[in-house]
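Visitor: Kindly produce the complete structure, drawing on both the sequences and the hints.
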Amino acid sequence: MADGGRRRPPRLGRRQGEWLAAAGFLAPALLAVVVLRLWPTLQAALVAFGVGLSKGPSLANFRFLFADPEFTGSLLTTALYSLLVNPIQIALALALAVLLNRALPGVGLWRTLVLLPVAVPQVVSAVIWGVAMRPDGPLNALFQACGFAQQPFLTSPRQALGSIIIIVSWIGVGYWMTFLIAGMKDIPTQYYEAAAIDGANAWQRFWKITLPLLRRPLTFVLVADTVSNFLVFAPVQVLTKGGPQGSTNLVMNEIFTRAFDQGDTAGAAAATTILVLVVVAVVTIQFRLMLRKDDFS
Amino acid sequence: MPLNRRQFVAGIGLASTGALVPAAGQAAELTLNFLFSQPPSTWDAVIAAFEKANPGIRIARQNVPFDALNAAVQSRIGQKDSSIDVFGCDEPRVPTFSHRGYLVDLSGMRPAFEKSVSSAAIEAVSFKGKIWSFPLWTSTQVLFYNKDLLAKAGLPEPPLDVNKRMTWEQVLEAGAKAQKAGAKWGLGFDQVDRYYQLQALYESRGAGPGLTGPDLLTPAITTPKWIETTEWYGRLFSSGLAPRGIPPEQMPPLFAAGQVAYFYGGPWQMGLFFKTAGLNFGMAAAPYFADGKPCTPTDSWSMAVNPYSNNREAALKFASFMTLDDVGALASTQKMPLPPANKTAFVEYLKRIEAEGGAVTKGYGTLVRYELANTAVHRPRTIGWVDFEQIMNKSFSDVRNGADATNTLKAADKQLRIVFSRL
Chain A
1 MADGGRRRPP RLGRRQGEWL AAAGFLAPAL LAVVVLRLWP TLQAALVAFG
51 VGLSKGPSLA NFRFLFADPE FTGSLLTTAL YSLLVNPIQI ALALALAVLL
101 NRALPGVGLW RTLVLLPVAV PQVVSAVIWG VAMRPDGPLN ALFQACGFAQ
151 QPFLTSPRQA LGSIIIIVSW IGVGYWMTFL IAGMKDIPTQ YYEAAAIDGA
201 NAWQRFWKIT LPLLRRPLTF VLVADTVSNF LVFAPVQVLT KGGPQGSTNL
251 VMNEIFTRAF DQGDTAGAAA ATTILVLVVV AVVTIQFRLM LRKDDFS
Chain B
1 MPLNRRQFVA GIGLASTGAL VPAAGQAAEL TLNFLFSQPP STWDAVIAAF
51 EKANPGIRIA RQNVPFDALN AAVQSRIGQK DSSIDVFGCD EPRVPTFSHR
101 GYLVDLSGMR PAFEKSVSSA AIEAVSFKGK IWSFPLWTST QVLFYNKDLL
151 AKAGLPEPPL DVNKRMTWEQ VLEAGAKAQK AGAKWGLGFD QVDRYYQLQA
201 LYESRGAGPG LTGPDLLTPA ITTPKWIETT EWYGRLFSSG LAPRGIPPEQ
251 MPPLFAAGQV AYFYGGPWQM GLFFKTAGLN FGMAAAPYFA DGKPCTPTDS
301 WSMAVNPYSN NREAALKFAS FMTLDDVGAL ASTQKMPLPP ANKTAFVEYL
351 KRIEAEGGAV TKGYGTLVRY ELANTAVHRP RTIGWVDFEQ IMNKSFSDVR
401 NGADATNTLK AADKQLRIVF SRL
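Sequence order for the protein chains is A and B.
Numbered by the numbering used here, the letters in the first sequence go through residues 1 to 297 in order.
Numbered by the numbering used here, the letters in the second sequence go through residues 1 to 423 in order.
Simulated from the structure, these hints should not be mistaken for laboratory data.
Every value quoted in this text rests on a predicted model; they were computed, and no experiment measured them.
The beta carbon of each residue, even a glycine, is placed where N, CA and C say it ideally should be.
One or more hints might be untrue.
Unchecked claim - A few chain A positions that, by computed beta-carbon distances, are all more than 12 Å from chain B:
#1 F49
#2 V127
#3 C146
#4 F153
#5 D186
#6 P188
#7 A195
#8 A202
What the hints assert, rightly or not - Dumping the calculated BS3-like pairs for lysine-lysine here, alpha-carbon to alpha-carbon at most 27 Å:
#9 K80/B <-> K55/A
#10 K410/B <-> K241/A
#11 K414/B <-> K241/A
#12 K335/B <-> K115/B
#13 K275/B <-> K362/B
#14 K52/B <-> K335/B
#15 K275/B <-> K225/B
#16 K147/B <-> K362/B
#17 K335/B <-> K275/B
Guide: So this is what it looks like as structure tokens:
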């Protein structure tokens, strides 16, 4: 051997080194997950179940919550909101990704403009939209100038949730679009060339090539978007505080109100535990539906 | 050049010693963290005066919006956070906060309080016989009006005289006239949807504060008088006399912009109104219902000391300077024209406002003294206050946006009973 008969270090040793290096790089992130996510979640669960109290653990906090129409109402509002906002945002993000993945003139500028709202703090976006949507605000002035009827937006229980959906979608769609454009760039062009030779039209190419090959980034966007929408808080807190008539009382706002306005820490912890369980259940179902076994190989 | 381990450790040691031991001749400086919800410049004068009188202490300001202050106190002091030393405490929150352990018992300083502030001011910061915070300001409400809009409608200017106050019925009629003559809005509420300002409406009609029972933990908001007054409030907005969808902090700028004929608000808005070029305004006594009695909102901010602060002595010194000290108390009103709770500063404050405001504030001193002594209604002093305020404010907001008064009050009643059961 060229190294004069010296033996190479055994293969297992190198792998061990790789493992150690990987563990070293991952340690800060893992530590952050444990300290900032898992530990508080566990603490919330312990408080929610009354562990450590003289009365002993119980389901009292959960029973109280499910008997409180304010909380059950917030769960229903969140369910309705999630059923509406997630498909809307993903469809819009996908449509924008398809559009801005083409060789349009000034495409970089368009992509930047669509992504820009993410860079604005949510509270600032909320305040600006709040002023725009005031009954005497610029949006209504525009409606009036175009001959449309004025709209109550955030002051109406029928329109407030829809207005919140518009605001969070304005903020989020560009962000999710970016992941989908990145996914589209990974699709080999020869598939499209072959399809074009076979005479496939644009819709068929999208349906038969783009969408199936976008499954993994789409899964990520679906799951991450769903989770982030469960956790929407700032626009609600700034604009409606859950009103009018509880129509925008999403569960995060409900937890905040309970914890920091009412000082009901145990009730807020129980509501947090319920939210975590719901999110985990929904995300598990989404993964099951979207991923195949070979995605994990 | 990379450091070896010994150099590195030595460097750390040196750096930490430097941080702990001040340079020769430099006094050790203590920083007090002060949490509040007013514009930071409110405190310029009082902080400068305090720091000059106490060279070793520096005040660091932390400002949050009014609606976020409660949550900031709850989340930080509720978690025994020692990084706040002094914080602004809305006086009706004293019972709730003392019950939750967020305040320091100041009863040992009672003689100093009695010397500097009125018994009403001490009452406002007391709960169950103990004093819990330092009373800073007190408050009342007035009826501002836009002289130009009134003149356009041929309406007389109401005088700043408690014996000639308008009734709400007259204000509504005149507001509608002003609107017909070109005003965008006939009437505006400064603290729209907030119990602070609306309580006086209910009390004027004899509907009571909305809570009864020995500890004021039984809701009483579904009585005929409460429903009737809430319906009256809702009609102000459904009729188009007053605007919907505008949050309280955007209301004073609306009056300043010349869009509102009559504006029921706090006298502290004078600062903004005087500064606004082209705004020709006047002040009158707060209105009342023709079939009721004159009632005005009162109480204001107090200064509280965090029980978990590591600098309690210095924190007490600062809070006490802002309120009990005559010079400090007057300096606290320099940029926020609210009447100070301090007796000496109160007299000086009235003189200053009357001198600075000219014809607009002529008679203001007499009005403030009269309202505080005769028509002021305190908010219910109960450990359920914070929940009550939050639920009522949401309900008022719903009614403003068109919700049925009876159903809204019934839902709020139910919600209050549920929340009170957790106290």
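Visitor: Each hint should be assessed against the structure and marked as holding or not.
Guide: For each hint, the structure was consulted:
For F49/A, the requirement that its beta carbon stay farther than 12 Å from each beta carbon of chain B is met, with the minimum near 17 Å. The claim that V127/A lies off the interface is violated: its Cβ sits roughly 10 Å from the closest Cβ of chain B, which falls inside the 12 Å cut-off. Consistency note on C146/A: stated as away from chain B, and its beta-carbon is indeed over 12 Å from all of that chain's, at 20 Å minimum. Listed as outside the interface, F153/A is inconsistent with that label: its C-beta sits roughly 7 Å from the nearest C-beta of chain B, within the 12 Å cut-off.
Distance check for D186/A against chain B: the nearest CB is about 41 Å away, which clears 12 Å, and the non-interface claim stands. Listed as a non-interface residue, P188/A keeps its Cβ farther than 12 Å from every Cβ of chain B; the least gap is roughly 47 Å. No Cβ of chain B approaches the Cβ of A195/A within 12 Å, the least distance being about 52 Å, so the stated non-interface status holds. A cut-off of 12 Å between C-beta atoms confirms that A202/A is not in contact with chain B; the least separation is 44 Å.
Proposed proximity of K80/B and K55/A is supported: the alpha carbons are some 24 Å apart, at most 27 Å. A threshold of 27 Å between alpha carbons decides the hint, and for K410/B with K241/A the separation of about 20 Å falls inside it, so the pair holds. Only pairs whose Cα atoms come within 27 Å are accepted, and K414/B paired with K241/A is accepted, the gap being roughly 19 Å. Only pairs whose Cα atoms come within 27 Å are accepted, and K335/B paired with K115/B is accepted, the gap being roughly 25 Å.
A hinted pair counts as satisfied when its Cα atoms are at most 27 Å apart, and K275/B with K362/B qualifies at roughly 18 Å. Between K52/B and K335/B, the direct Cα distance comes to roughly 19 Å. Compliance with the 27 Å bound is thereby established for this hinted pair. A threshold of 27 Å between alpha carbons decides the hint, and for K275/B with K225/B the separation of about 40 Å lies outside it, so the pair is violated. Taking the CA atoms of K147/B and K362/B, the gap is near 16 Å; set against the 27 Å cutoff, the hint holds.
At most 27 Å may separate the alpha-carbon atoms for a hinted pair to count; K335/B and K275/B meet this at roughly 12 Å.
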